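Student: The lines below spell out each chain.
2 protein chains.
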Amino acid sequence: MIPIPISRAEALEQDAADPLAERADLFDLPAGVTYLVGHSLGPPPAGARARLSATQADWAGDLVRSWNSAGWIDLAERTGDRLAALIGAQPGEVIVADSVSVNLFKLAAAALPQARTYALFVEEDEFPTDQYIAAGLGGLSGAQVRQLAPGGGFDALKAGGVLIKSAVNYRSAEVADMAAHEREAKRHGTRIIWDLSHATGVLDLKVGADGAVLAAGCTYKYLNGGPGAPSFVYVSNALSGKLSNPLPGWMGHAAPFAFDEKYVPRDGAARFASGTPPILSLAALAGALEALEGVDLTQLQAKARALGALAIARAKAIGLDVPSPAEDARRGAHVSLRIAEGYPVVQALAARGVMADFRAPDTVRFGFSPLFLTYAGVWDAMDALADILASKSWDQPRFHSRAKVT
Amino acid sequence: MIPIPISRAEALEQDAADPLAERADLFDLPAGVTYLVGHSLGPPPAGARARLSATQADWAGDLVRSWNSAGWIDLAERTGDRLAALIGAQPGEVIVADSVSVNLFKLAAAALPQARTYALFVEEDEFPTDQYIAAGLGGLSGAQVRQLAPGGGFDALKAGGVLIKSAVNYRSAEVADMAAHEREAKRHGTRIIWDLSHATGVLDLKVGADGAVLAAGCTYKYLNGGPGAPSFVYVSNALSGKLSNPLPGWMGHAAPFAFDEKYVPRDGAARFASGTPPILSLAALAGALEALEGVDLTQLQAKARALGALAIARAKAIGLDVPSPAEDARRGAHVSLRIAEGYPVVQALAARGVMADFRAPDTVRFGFSPLFLTYAGVWDAMDALADILASKSWDQPRFHSRAKVT
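Chains as they are written, first to last, in my numbering: chain D, 341 to 746; chain X, 341 to 746.
Simulated from the structure, these hints should not be mistaken for laboratory data. Watch out, some of these pointers could steer you wrong.
A pair holds if it fits inside one copy or across any two, identical chains being indistinguishable in the list.
[Said to hold, decoys possible] Simulated pairs of lysine to aspartate or glutamate, DMTMM-like, Cα-Cα distance not exceeding 25 angstroms:
#, residue 1, residue 2
1, Lys602, Glu464
2, Lys498, Asp421
3, Lys602, Asp495
4, Lys656, Glu522
5, Lys602, Asp368
6, Lys498, Asp398
7, Lys546, Asp421
8, Lys602, Asp702
9, Lys526, Asp668
All of these numbers come straight from a predicted model, not from anything done at the bench.
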């Protein structure tokens with residue numbers, strides 16, 4: 341575990357020793373900005389820009405032939421294989437497609453006939469979309485939908501249905517014990533759909549080793565794929581042949597250009613592709629992933645947590661309530677602080693170049709992307725926060741007047 | 341109706357008189373290419389490039405704040421409003437989201453409880469995805485799925501279920517009589533989901549006046565939105581309040597950032613948004629639509645059909661079988677020719693700069709995008725085809741050896 345620096349000098353020393361330090365050069369970030377919002381929208385990696393330019397040139401130059409000549413036709417699969425390496429999956433187990441909402445729907449619908457009971461479970465503090473999707477699927481399929489108390493997912497595994505569960509809670513950053521959940525699920529004929537949105541690209545995920553068989557996740561947060569970058573689907577190779585995609589579009593067909601009347605799904609996770617993927621957004625994602633190429637996931641996770649631990653230590657020192665787990669192993673890469681004046685405080689931070697996000701009514705979230713943040717940068721951001729709170733410098737009309745912009 | 345030119349000189353005269361001629365300047369097309377594949381992937385309009393650059397600059401500069409400062413948050417709606425004008429819909433009746441596959445699923449699922457019987461109908465010569473999606477939805481919802489003979493959709497309207505029907509058939513270009521279908525559907529408690537993929541951006545569609553209430557369509561064909569550009573959904577304002585999106589993602593919520601447990605859908609077609617839209621691909625589409633800004637849809641349709649009529653006249657003159665309707669009013673903007681040696685002929689055309697597409701076993705399709713094609717260009721393309729067929733110049737090893745490239 342990386343020690344928590346107790347001075348700016350120590351923070352600088354840790355930066356000097358940081359094995360990921362060079363990765364920051366791969367990002368385009370405005371000067372003077374400390375970007376603690378990588379858990380919401382990652383900044384553009386240079387690779388995304390390069391791939392987007394190349395893709396535009398292919399579109400203009402080779403036109404429709406680019407589907408083959410530029411490799412668009414299997415870009416979702418190839419990008420999936422790159423993502424597989426980041427979550428501990430095998431080649432062929434991940435495909436990029438659609439949005440997290442649509443993918444959770446597809447996976448949960450495909451899992452329902454496999455589970456012991458025809459029921460859907462979601463904890464009530466999950467990201468709201470996960471709950472809306474469960475309700476929508478329940479309405480269409482006739483599956484019973486049960487909302488659970490926060491943390492109630494584990495006990496509900498006894499019921500034998502389908503649980504939609506975040507690996508890292510979007511608000512608290514609490515990490516779920518994936519292996520323990522899966523062991524319990526298998527005992528009871530329950531399927532778990534993991535939402536990896538706040539975990540991918542920062543934690544040392546091992547979906548295969550932990551027994552996870554179904555997951556979806558977001559690529560525009562810590563993977564820096566660009567605004568609304570397409571989502572990914574993970575299906576273990578052991579299971580994919582037994583599953584039906586309820587949204588069988590032509591891109592999930594084994595021979596899309598045969599224009600068969602009969603649907604013959606592709607092997608592996610690729611059967612969960614539906615329509616034509618948005619190639620420009622997908623190309624940006626493919627390029628963005630170059631920033632994670634060859635990265636050691638244990639180093640990535642260790643730095644994300646060390647930055648979070650530094651923020652927590654300093655927040656506690658100034659008397660703030662920190663709802664996120666203090667223990668590193670239980671925490672993802674973001675930290676939530678409870679600040680009654682959270683909204684204007686986030687504005688005041690922004691005025692000093694520190695970008696954070698606010699979630700009503702009183703939560704300030706900092707996301708610690710280990711690829712481009714520094715220990716000294718986080719140290720300084722916490723200095724700024726301490727100063728704003730001590731001087732109550734948010735309490736000025738100019739911040740309130742900018743409210744609508746953020 | 342525009343007369344069919346009977347000489348190259350007449351074709352040039354028509355180009356000189358073409359009210360849409362200037363629109364070609366808005367496209368980046370390689371020199372020497374006659375692009376008859378706009379029905380498959382439109383070429384890049386300059387507006388798409390410009391919007392994509394601006395969006396990348398917003399991502400790098402204003403980062404996550406661009407959701408508000410650059411208007412990403414309502415870009416799907418604003419782009420939908422632009423599309424509404426192209427299909428005869430009202431503002432608020434169109435939203436850009438997901439793929440055609442996913443949107444047909446959402447609309448058909450939402451329409452089922454509204455129809456007199458819980459059944460889905462698709463003609464067997466519809467685009468295969470439309471059939472796969474009906475089958476997938478049937479499996480999940482329990483709705484009966486019936487495949488109909490080609491053209492059998494009209495008679496099936498008596499059955500009171502949900503019919504998925506193309507406004508223009510992807511293969512033959514046959515146009516469906518939307519108003520007649522809708523009158524019949526209303527008599528029998530049937531809902532029609534129109535697939536406008538091969539109709540939007542070339543025909544003078546009037547969904548509102550024709551009584552259509554539900555439709556989805558593609559934006560990367562004649563709308564030139566870029567590879568895999570997101571699809572659109574049309575829902576009449578009279579109906580939208582009564583429909584539930586079975587994939588209720590947070591972007592269809594009335595207050596997405598309130599993170600409510602309860603799903604409160606937005607007004608209008610926007611309730612059919614699901615997850616976060618792929619902003620880079622969406623921005624390219626928004627820019628691409630500038631090429632259609634202010635265009636007179638009757639002129640657009642007249643030119644598309646006149647180019648098609650020219651191709652048909654010349655194809656018949658050289659003895660080819662033309663499965664597409666000869667009558668303009670019954671034909672969309674593409675023309676299918678039956679050529680036994682279609683595959684190598686398409687290669688031979690490409691070697692002369694004429695891009696067309698081939699669909700097994702023997703169909704050569706030409707798409708007549710009225711925004712960037714000329715009468716003389718089509719004349720010359722048909723000259724090239726006649727010459728290739730007369731000289732059998734496709735029958736050379738070099739074309740066969742390039743087979744895998746196309």
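Student: Please go over all the hints and tell whether each is borne out by the structure.
Tutor: Against the structure, the hints:
Taking the shortest alpha-carbon separations for Lys602 and Glu464, only the inter-copy value of 10 angstroms comes in at or below 25 angstroms, while the best intra-copy value is 40 angstroms. Neither within a single protomer nor between protomers do Lys498 and Asp421 lie at most 25 angstroms apart by alpha-carbon distance, with minima of 33 angstroms and 48 angstroms respectively. In this homomeric assembly, Lys602 and Asp495 come within 25 angstroms of each other (Cα to Cα) only across copies, at 24 angstroms, whereas the closest approach inside a single copy is 41 angstroms. Taking the shortest alpha-carbon separations for Lys656 and Glu522, neither the intra-copy value of 35 angstroms nor the inter-copy value of 66 angstroms comes in at or below 25 angstroms.
Taking the shortest alpha-carbon separations for Lys602 and Asp368, neither the intra-copy value of 47 angstroms nor the inter-copy value of 38 angstroms comes in at or below 25 angstroms. For a Cα distance limit of 25 angstroms, the shortest separation of Lys498 from Asp398 qualifies neither inside one copy, at 52 angstroms, nor across copies, at 48 angstroms. Taking the shortest alpha-carbon separations for Lys546 and Asp421, only the intra-copy value of 15 angstroms comes in at or below 25 angstroms, while the best inter-copy value is 44 angstroms. Proximity of Lys602 to Asp702 under the C-alpha cut-off of 25 angstroms is restricted to the inter-copy arrangement: shortest distance 20 angstroms between copies versus 53 angstroms within a copy.
Taking CA atoms no more than 25 angstroms apart as the test, Lys526 paired with Asp668 passes in neither setting, with 28 angstroms inside one copy and 62 angstroms between copies.
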